[in-house]
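Undergrad: Read off the chains here:
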Amino acid sequence: MNKMKFYIMTIALSLTAVPVLAASTIKMQVEGLVCAFCGSAIEKKLRSNAATADVLVSLEHKIVALSLKDGQDIADDTLRTQITDAGYQVKKIERVPDTLDSLRAALKGR
Amino acid sequence: MFRFKLPPIRGRRCAVPRGWLAALPLAALSTQAVAGFFIPRDITMFMFTASPDSQMAEVAHGLRANLSVAAGQSRYVSDDGLTERRYTTLQANWLVHRAYGSDGITNAYIYGGPLAARGSEFAGTHSGVHGGFWADHETRRIYARLSTHAYHAAGHTQVVTTAQGLWAPYAADYEDIATWIGLQAERRSGLTDATQITPLLRLFQRRWWVDVGVSVNREHRGDAFVNLMLLF
Numbered sequence: 122m123n124k125m126k127f128y129i130m131t132i133a134l135s136l137t138a139v140p141v142l143a144a145s146t147i148k149m150q151v152e153g154l155v156c157a158f159c160g161s162a163i164e165k166k167l168r169s170n171a172a173t174a175d176v177l178v179s180l181e182h183k184i185v186a187l188s189l190k191d192g193q194d195i196a197d198d199t200l201r202t203q204i205t206d207a208g209y210q211v212k213k214i215e216r217v218p219d220t221l222d223s224l225r226a227a228l229k230g231r
Numbered sequence: 230m231f232r233f234k235l236p237p238i239r240g241r242r243c244a245v246p247r248g249w250l251a252a253l254p255l256a257a258l259s260t261q262a263v264a265g266f267f268i269p270r271d272i273t274m275f276m277f278t279a280s281p282d283s284q285m286a287e288v289a290h291g292l293r294a295n296l297s298v299a300a301g302q303s304r305y306v307s308d309d310g311l312t313e314r315r316y317t318t319l320q321a322n323w324l325v326h327r328a329y330g331s332d333g334i335t336n337a338y339i340y341g342g343p344l345a346a347r348g349s350e351f352a353g354t355h356s357g358v359h360g361g362f363w364a365d366h367e368t369r370r371i372y373a374r375l376s377t378h379a380y381h382a383a384g385h386t387q388v389v390t391t392a393q394g395l396w397a398p399y400a401a402d403y404e405d406i407a408t409w410i411g412l413q414a415e416r417r418s419g420l421t422d423a424t425q426i427t428p429l430l431r432l433f434q435r436r437w438w439v440d441v442g443v444s445v446n447r448e449h450r451g452d453a454f455v456n457l458m459l460l461f
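Top line first, the protein sequences correspond to chains A and B. Each residue of the first sequence is one higher than the last, beginning at 122 in my numbering. Each residue of the second sequence is one higher than the last, beginning at 230 in my numbering.
No lab work stands behind these hints: they were computed from the structure. Be careful, since some hints might not be right.
Residues from chain A that keep clear of chain B, each with C-beta distances beyond 10 Å, as calculated [what the hints assert, rightly or not]:
1) Y128
2) A162
3) L200
4) K213
5) L224
Here are the computed distance ranges between Cβ atoms for each label pair [to be verified]:
6) B:I410 - A:T220: 49 to 57 Å
7) B:S349 - A:K213: 55 to 63 Å
8) B:L311 - A:E152: 48 to 56 Å
9) B:D332 - A:D219: 50 to 58 Å
10) B:D309 - A:Q210: 44 to 52 Å
Keep in mind it's a predicted model, so treat the numbers as computed, not measured. C-beta atoms are modelled at their ideal positions from N, C-alpha and C, and glycine is treated no differently.
Based on the sequences and whatever the hints tell you, model everything.
TA: Right under this line is the structure:
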């Protein structure tokens, strides 16, 4: 019986861990994004991270998102510093299961 | 190259000023048009502005989120074409305040530094100082700016005051080419008694920016204005 519980617990934990491990996209709500010329500094900063695969900027939705290379990550503090250095303020950072392409499509469809 | 002035109305100089060509290689200076412009940390910006009465080039680099340094050269000519002033400048630009609103941002900058001046009113090169203030407010559809830049050397003070108001017919997103139309009013005390009024077309996308316009006030009618900026 204990063995059965162990298996169930292990499977349950694995299932909950999957979305976290698969979250290779970081989505940030950024204040002050009004101009692509000024905002391009954000893209440059984020692309300078070795773990960054691609970057998405939406002035309309005040969202900056980046996809991560396989198995890599960037600390929230690093992201916050980079956005601040670019002249903007981060309101929220979240890891989402969407790909950057699906996020881009969703933002355009809103 | 950037001068497509209409035929002169009252015999003002029409040839391409040689000073423009001299200014380009220096590629470093203070420009009234962008002296307070926000340069994010680790970003380098090149800017070039030209009209028949003034030409400027500047290279600026962001050191911190609120501090950048710049080097540049500018040349101003009086309306009668008899007085010319050239300034080679170094400056620090400090973003004093940035307010984040729900739809836009408001910035206030101060800037200043040493300069070297040459001109038709004095012999040789003189050292001096320059500095100014810049405030702007920007949303995705509206832009307003007021700035002033004073130069002092060899007993001469020149103050360039600029106001801009622009409107975007659509709210461009990051990938789009942004289009703005508006008006610039500029006054160069000591060189002209007129306020130069220039309708502007502004286009930019990510790392490039272009302003073009042609002045409409009587004293400067037909004078073309070009402003280019590139980020690296």
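Undergrad: Against this structure, judge whether each hint is valid.
TA: Now the hints, each set against the structure:
Every C-beta of chain B lies more than 10 Å from that of A:Y128, the closest at about 48 Å, which supports listing it as non-interface. Chain B draws A:A162 into its interface by the beta-carbon criterion, the shortest separation being 4 Å against a cut-off of 10 Å. With a minimum CB-CB distance of about 15 Å to chain B, A:L200 clears the 10 Å threshold, and the non-interface call stands. With a least CB separation of 14 Å from chain B, A:K213 remains clear of the 10 Å interface cut-off, as annotated.
Here A:L224 stays apart from chain B, with its beta-carbon at least about 13 Å from theirs, past the 10 Å limit. For the pair B:I410 and A:T220, the supplied restraint of 49 to 57 Å is violated, since their beta-carbon distance comes to about 38 Å. A C-beta distance of roughly 58 Å is found between B:S349 and A:K213, which places it inside the suggested range of 55 to 63 Å. Between B:L311 and A:E152, the C-beta spacing of about 50 Å keeps the proposed range 48 to 56 Å intact.
Taken as a hint, the range 50 to 58 Å is violated for the pair B:D332 and A:D219, whose Cβ atoms sit roughly 26 Å apart. Evaluation of the 44 to 52 Å hint for B:D309 and A:Q210 yields a pass: the beta carbon distance comes to about 49 Å.
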